[in-house]
Structure formats: C-alpha cells, structure tokens
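The whole structure should be built from the sequences, with the hints applied where relevant.
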Amino acid sequence: MESRTKKSFRNISFGVIGLLANLVVTFVAKSIFIRLLGAEYNGVNGLFSNILNVLNLAELGFSASVGYALYRPLKEGDEETTARLMNYIAKVYRIIAIVVAAAGCCCIPALQYLIAEDISTLPFTLSQLRIYFAMFLANTVCSYLLAYKRTLISADQNSYIITNTDNICNIVLNVVQIVLLLIFKNYYAYLVVLILKTVINNIILHIIAGKKYPYLRKYRKLQPEKTEKSSIFKNVQAMFLNKIGIVVLYSTTSLIISAFVSLVDAGKYSNYLMITSNIYSFINLIFNSMTASVGNLCVEGDVEYQYKVFRKVQYLADFFAVFCFVCYLCLFNDFITIWVGESMLFSLPVVIVISLNAMILYIRRATIAFRDAQAFYKKDWYKPIIESVGGVGLAIGLSYVLGTLGVILGFTLVMFFVSFIIENHTLFKYGFKKRFFRQIAETVGVMIFACGVGALTYYIGTFIPVGVGWFVLKLIFCMVISSGCFFLVSFRTPEFKYYVTLTKNYFKRIVAKIKNRTKKPCPEIANSGAMPNSDISNNPSSDNSVKATENLFEDVSVGEGSTDSEVKPCGDTKENPLDLMLKEEENNNIIGNDKCHSLSELSEDKVAVKEPKTDKRSSSDNEQYAPKSEDAYLGAKNKKDGDK
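Using my numbering, read the sequence shown as starting at 488 and increasing by one per residue.
Do not rely on the hints blindly, as some may be mistaken.
Said to hold, decoys possible - Per label pair, the in silico range of CB-to-CB distance:
| id | residue 1 | residue 2 | range |
| --- | --- | --- | --- |
| 1 | L962 | K713 | 55 to 61 Å |
| 2 | Y887 | I687 | 43 to 49 Å |
| 3 | I519 | Y887 | 33 to 39 Å |
| 4 | V515 | V686 | 37 to 43 Å |
Unchecked claim - List of simulated lysine-lysine pairs, DSS-like, C-alpha gap at most 27 Å:
| id | residue 1 | residue 2 |
| --- | --- | --- |
| 5 | K795 | K716 |
| 6 | K672 | K562 |
| 7 | K916 | K795 |
| 8 | K684 | K517 |
| 9 | K672 | K517 |
| 10 | K865 | K916 |
| 11 | K698 | K562 |
| 12 | K921 | K1000 |
| 13 | K716 | K699 |
No wet-lab data here; the hints were simulated from the structure. Where a beta carbon is used, it is the ideal one built from N, C-alpha and C, also for glycine.
This is the structure:
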C-alpha cells in the first residue's frame, strides 16, 4: 500500500503541472471575454457565481462530513462501509440538485434588484439576464449529478486524478470557448460550453471511480443503518453552520458590490479575485493534498507529534503569505494594466486591502488544514454565525462610506478578528492542549513584517515603468526581496534549518540515485534480505534494515557534522520530502527540541530514531481522535470542513 506522504507528494506534483497549463489558458480566455463582451458581462459572471454559491448552502457540508467518515474504512479496506456511505451520498446529492434548482428558479424574478445600475443602461435586457442566470443554474445543478464520487477519490488521497481530469477538461473547453467568442462574440455560446465542461468532467470522473472502486457496483444496494444516518446528520448540522461562514466570507463580496456599489466594480473585483484565487490554488494544492494525510496522522499519532509537524507547516504558510502579499501589492495594477487595460484598475487603498485579505487567508491555511483533519466544528459552532452577521453588516455599512473599499475591508476585518482567532483558539485548546497566544503574537509579527517589506518594495517599484519586460524585472525584484527578507529574519530558527536540510537531502538522494543506479545494494540491505529497490523503511522487523535506514538518513540533522559522504548509494528508497514533514517513516524522523515552540526560540534539532508510538491520551481523547468502532467513528463530535 502506498504511504500517505507519497500520495500527498504525487497529488501536489500533478496538481502544479496541471494548474500551470490551466492558468495560462484561463487568463487568455478571460482577457478575450472582457475585451469582446465588456466589463458588464464580466460583472454578471461574478454576480451569478456568488448567487449560486449561496444556493449551494443546500449541500449543508454533507460531502465534507461523509468524506471525513470515509477516512477510516478506506484505510482499513472496509469495502462494505465505504459502499454504504457512497450510496447514501449519491441519494442525498440528487435531492440537493432538486433543492438548488427550485431555489434558483425563485431567484429569477428578483435579479434586477441585485444590480445597482438601471437595467436599461446595461448592454443586455432583463429577459436576457434571466436566461443567462438559468443557464448558470443548469450548470450548478449538473455539478451535483455523478459528482459524488469526487468525495471518495479525494478521501482516498487520489486527488491527483480529480486535478488531472479538471485541468484537461478546463484547458480543452477553455480553448473551445475562446474560439467561439472570437467567431460569434456571443455570451450564450460561452455558457453552453461552460455547461458541457461540467457534464463531461463529471462523466469522466464517474467512469474512473467505477473502474478504481469496482466494489461500489457490487454493493450498490447497501444503505447506512439508521444509527449511521443519525450520526452523519448530527455532524452535518455543525458543518452547515461552518459552511454558512465560508459562503459569507468568500462568496458574497461581488454580490454586495453589485447591489450597493456597481456592476462594473463587481467585474473589476472579479479580475483581482481571479488572480488571488489562481495563486491560492497552488498554495491550496499543497495543503489540501496534506489534509487527508494529516487526518490519518491525527488518528495514529500523539498530540506533541502533531504539534511538531504543525510548526513546520505554519512556517511554510507564513512564507507564502509574506511572499504573495509583497508581490500582490507591487504588481497587481501593473498586471491588470497589461492584461485587460487601465480601465479595470482599482485605487491603491483597495489594492492594499485585497492584498491584506489574501495574506490573512494564506496564514490561516496551516491552521485550517489541521482543524479540518480533526474536525473541530462542533467546538466552535458559533464562529460562522459571527462571521455571517459581522461580515455582511460591516461590508454593507462601510459600502455607504467607502464604496468597494468598505465592502472588502469589512470582510477582511472579520476574517482576522473572528475567523483566525477562533480557529486557532479551537485548534490549540482541543487539539494541541496549549495556549494559543504565542501563535497570535507570531502571526501579528509576520503581518507587520510583511507590511514593512511591502511598503519598501512598493516605493522602489514606483521607479520602474509599466510594460511586459519591466513587469518581469519587477516580479523578479519582488520575489527576491520578499523571500530574502523572510529568510533573513528566520534563518536561525529550527523551522528554517529543517527546510534547508530537507532540501539538501532531497537533492543528495537524487544525485546518489543517478550515480549509483546500476551499482549493487549496500551491505546492510543485502544482509536484511531486501531487494535493491525495495522500500526498506517499511521493513522494521529486521534490525539490519533499520540500521541501513538510520545510516542512509543520518544527514537529516540540522546540526554540524553532516556531510555528503553520509548519503549511501543503496538504490531507490522511494522517498520524498513530505515523508519527513509528515513523519511517515517510523525509523527516520527529525525530532526538534521539545521546548522550542516559537520561531524566536532557537535550538539545534537532534537526530533520533523514533520509538514505536503509543497512545498517551485518555479514553475521552481517544474517543475524539481515534474512535475504535465504525459507529463511534461515524458518531464523532467533529467533522471535516469542505474546501472550494
């Protein structure tokens, strides 16, 4: 069986390649769309997407709840339980599709009230607007048909299958959209291809899942017992509240801008949002690919073990946050000017707030990954209520004073003072059993640092002209300054040393494999009876095998004395960097100083062979993290959140 970290690494690799190709085609299609149809149609796209995201609340967070429930049966190879859950979610999804369709039809008569401008001043009639929305609605309803198998594929840590399928369909059909736009210059043609994209994508995934999990057909008549259904719906209640908060924070901004400011501004905002969303897709790919692995880790490992991994993941999230904030602040308007023209620009204050919003979201990503994996949604059930009321109230109130700036600022304030603080409080109190004030203080420090670096970089960047060539130069400048400053202030921390050592070891192994691919296996492996290319780390029963493993990875120490000679040419060990990050191999771990929980506290990491894990938690903790029976698992108090 493949290790969870190898699956994570493969998911990330496939995702990055696909996203890069998809990113180029998507931006070209968007550019042609705006230039041929105009800002108003671009605003309609953003408005309708927001409306339908709100209607998707009918999903109740059901797929995420069932996806969390699938972790254990998939890990244990329990085909009947897996099939029962999948049959149930298929039935529920059909009901959800009907509910969304009915709710969408009820919205059609009120569409004109969601646009601030007089409909007669827009390049389309009210009847056309309603037809456009009906086509958007049909696309959303189609997304629920046959799509339930995405949940199974993702929970089984095979999200690369979904990523590849999505990217191929997006690339091919985006090209078709571009051709049709150039020929017909018609919004109807654009929407028809959008619907086809969804239908074809879901059919392909349905076929793949049927071949990969043939037992689903064998047990297609099985349904969960009443106790299982009851447990799922109890958790769905908490998931539903959490989903309300997600929808309000991320899917109502354009709607409020359109209704209280202007449809054109909603279109402008969708351009900036498209940039941040696509960049976030790369970052999210890393953390989403880890979520199932972290969930698996939380079932197996102890609290301190999880916290050590969290510290390293948080460092990665902080780096992305600082790096992206500086680049957004300095490059947003240059890129928009080159891409779709100066008429689509926002003022500097709006750009600053959009950049802050993105930075907070990226910083939260490590916390969200661990919180999702342990499903602490019943612990902070009140969070989405505060997010919804506070976010909408602040956004609408500030829109009368500050316009578009006020809408975005309102949601940004709620994201930090409500979402970020409550999520960390919950994770640290119930997950790590620690105080979270150090985490908050460190995050505030990271944000202040990012603002300082961003201000300096922006000032210097004002002397660089706008243009394609100058943009590339400015991008390189921002990348070097942001990453250089971040590493400069953190180079003495255990987390920085960890990633440096991890990178060195990864390249050492690549070089060793290339140089010694045809050489004989080292004596330790030969003595253990392992084949040259066998995964020795999965053979703990042999002392010689363990010894070979220790010697092979002895250079993972971040202290002194690590040399190139410590890497032995023992064939393909099938390792990857995430094996160390998630502590997959029991005999190969980087164990830091237990007292070093802060980026500001310095210590040298030590090399040790990790002893077999024992569950040190109380029986009540085990009930929360690792239920022993299927019923206990399905009835766990906390369930996993969905990610867009």
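For the pair supplied as a hint, K865 and K916, is the alpha-carbon distance within the 27 Å limit?
holds (13 Å)
With the threshold set at 27 Å, check whether the alpha-carbon distance from K672 to K562 stays at or below it.
Outside the cut-off at roughly 51 Å; violated.
Tell me if the straight-line CA distance from K672 to K517 falls inside 27 Å.
Holds - the C-alpha atoms of K517 and K672 are around 13 Å apart, at most 27 Å.
Could you tell me whether the CB distance from L962 to K713 stays inside 55 to 61 Å?
holds (58 Å)
K921 paired with K1000 [C-alpha distance capped at 27 Å]
The hint is violated at about 42 Å.
Within 43 to 49 Å: is that where the Cβ-Cβ distance between Y887 and I687 falls?
Given about 44 Å between the Cβ atoms, the range holds.
Hint consistency between K698 and K562 [alpha-carbon to alpha-carbon, up to 27 Å]:
With Cα atoms ~19 Å apart, K698 and K562 stay inside 27 Å; holds.
Within 27 Å, alpha carbon to alpha carbon, are K716 and K699?
Given pair K716, K699 holds - Cα atoms ~26 Å apart, limit 27 Å.
Cβ separation of I519 and Y887, checked against the hinted range 33 to 39 Å:
Distance hint for I519, Y887 holds at roughly 36 Å.
Do V515 and V686 keep their Cβ atoms within the hinted range of 37 to 43 Å?
Violated, since V515 and V686 (Cβ atoms, about 23 Å apart) do not stay within the stated range.
Check the hint pairing K916 with K795 against an upper bound of 27 Å on the C-alpha distance.
holds (16 Å)
Sort out whether K716 lies within 27 Å of K795, counting only the CA atoms.
Violated: K795 and K716 sit about 36 Å apart, past 27 Å.
Figure legend: structure checked against the earlier numbered hints; hints not met, in rising order: 4, 5, 6, 12.
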